[in-house]
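Participant: In order, the protein sequences belong to chains A and B.
This note's numbering puts the first residue of the first sequence at 4, with every later residue one more than the last.
This note's numbering puts the first residue of the second sequence at 21, with every later residue one more than the last.
Each statement offered as a hint is correct.
Only part of the chain A face toward chain B is listed, based on derived beta-carbon distances under 8 Å:
| hint | residue |
| --- | --- |
| 1 | PHE42 |
| 2 | LEU199 |
| 3 | GLU203 |
| 4 | GLN207 |
| 5 | SER208 |
| 6 | GLU228 |
What the hints contain is simulated information worked out from the structure, not anything from laboratory work.
For glycine and all other residues, C-beta sits at the position ideal for the given N, C-alpha and C.
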Amino acid sequence: MKSYLLVSAAVLATLGASGARADGEKIAVFTKNNTNPFFQTVRLGADSAAKQMNATVTHFVPTKPDSIPEQMSQIEDVIVKKPESIVFVPVDYKAMVPGVEKMNKGGIPVVNIVDRSQGGKFVAFVGADDYTLGLATARYLFKAMGAKGNVVIIEGVRGSLTSSDRVRGFQQALKEFSNVKLLASQPGNYQRLQALQVMENLMQSFPRIDGVLAANDAMALGALEALDAAKRKALATGINGTKEAIDAIKEGRMLASGDYSGFLQGCIGTMIAIRNLRKQSTPAEFLLPAVVVDKSNYRPYDIAAESRSCPKWDDAVKG
Amino acid sequence: MTEPIAIRHGFSAGALALGYRLLVVVAMCAALALASDAFLTESNVINVLRQASLLFLIASGLTLVILTAGLDLSVAANLGMSACLAASVLKSTGSPLLGMLAGIGSGLAIGLANGLLVTALRIPPFIATYGMLWVLHGLSYYYMAGGTIYGFPPGFREIGSGYLFGVPVPIYLMFLFFVIGWLFTARTTYGQEIYAIGANPAAARLSGIPVKRRLVLVYAVSGGMAGLAALVYLARLNSAEADIGESLLLPAIAACLIGGASLFGGVGTISGTLIGALILTLVLNGMNLLQVNANWQPFVTGVIVLIGVWVDMVTRKRAEDKS
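Build the full structure now, drawing on both the sequences and the hints.
Facilitator: Encoded structure:
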């Protein structure tokens, strides 16, 4: 403890003296769960950014996925340990506001990534806009369908911000393509099994389904299993750009996946946290552009996230 | 002295309860057939049965546990853990046989551990299996580390997506285990002993039933069935991730309760659980076919559970009053 204090005192002294760079900043990174591969890529992005900039990252993940009380108590623990900065994904964008306020009160600068918190003070927000991502993915699918045909939507968890924004993007695209008909929009709760069953049921009512818009990759793959088993074909898109989806795109089974770029969000969020400590310029908001990953551009995604590394700050900002 | 009477009533009231449930299924089917042309088709009947099979496989083992007045809250987490283990064995060896052994072996081992927690350590079943649920979730998350294992050998996938004479393989599995479960509970002394343990454990012990061994047996069977269900899941979805069991626990318990099993033990049948699994599956199928937003599914499930249990209580009470 004592040596830790000494080190931080030394760091502070260096900061005060030069007002510029320092190494070895301690960053606490909060993510939602250990189950969704997406957050694994966020953590790997944060690790890569910290390595690049010579800082250290400690991860805080609720053992029970998306648990509000558990993230709250992790925040309380962290405030006591006083990391220099926090990179924060709220497990719930409304319910975690008091937690953010605690971090603010503790005087620790916080960078909000992935889901925009409804309240609290942040150095910056880094995210991919779900609405734009949904819109871009749906437009891509409809173009591939020749701007006509029947589609079904498989939604995520109703009431979750990500799902409702993605579905809103899907619906906006439907307005733009008047010859694409929406047959049904049903929740698959981001679960592969439920998406499979919903697709099996929908195939009973609809003899012709040309396209499937799923709010994540696991559900798109579940729907594809249902189609394969029934020996029927439809173009399917998901969202997240997971490795499994990329493989399916490569094989030609799945059409495309909107990339939510968890890795880059982890990179840029952590970079902003560190740059802010080093008094370098940071944007107040950084929205990653929507990228639809398909057969033509999957290559950069076709490596394990473990071996990817963050872009340099200047390249990342240029987009 | 009261014990044989209780069992006799259990049977007659049980027959009545089954009758009601069949009526509910018939009524649901009739209503759905009227409302949607797509419902009463050969392909949708097969579709509903195939969807019900996974739920029935989990719920059938759970029914045995509930009959002993126990509960296996770890059954879905067991499915998730066993699926992840089987998936990695399948992936690394490429052998369907080894993969299946891993899945069922893991399920059985976890079930056996539950049985020992309940009997040897005398931890109440609710707590023992609740603790096991957490342990298994923790292990699966740690083991999978946010990853997904996918792409299994075609031979293995037959048990989930294959067909035999035009009927999907999981449906055969469902009926096979229905018949085995029915024979076991209704036609063997083991079955009668399990009912007796649930109805009155003290009396069962006094009448010479090896209560502990029977309890270990039912928890092991419940675990083994979860392992088998894990294989069907893998073969159907061609993919495993740490959280696959999470959404299956409550439906599995609901299938047992809707089927007429009582959490106080001694009452319930495998046939009832089969009907329960069918009713739950029909709810989602009906909502999807009728374009009702399936977010109402949990609500409807809850209402059906409450009505089912209430009707059972009333009919049982009436049967007791008559005698």
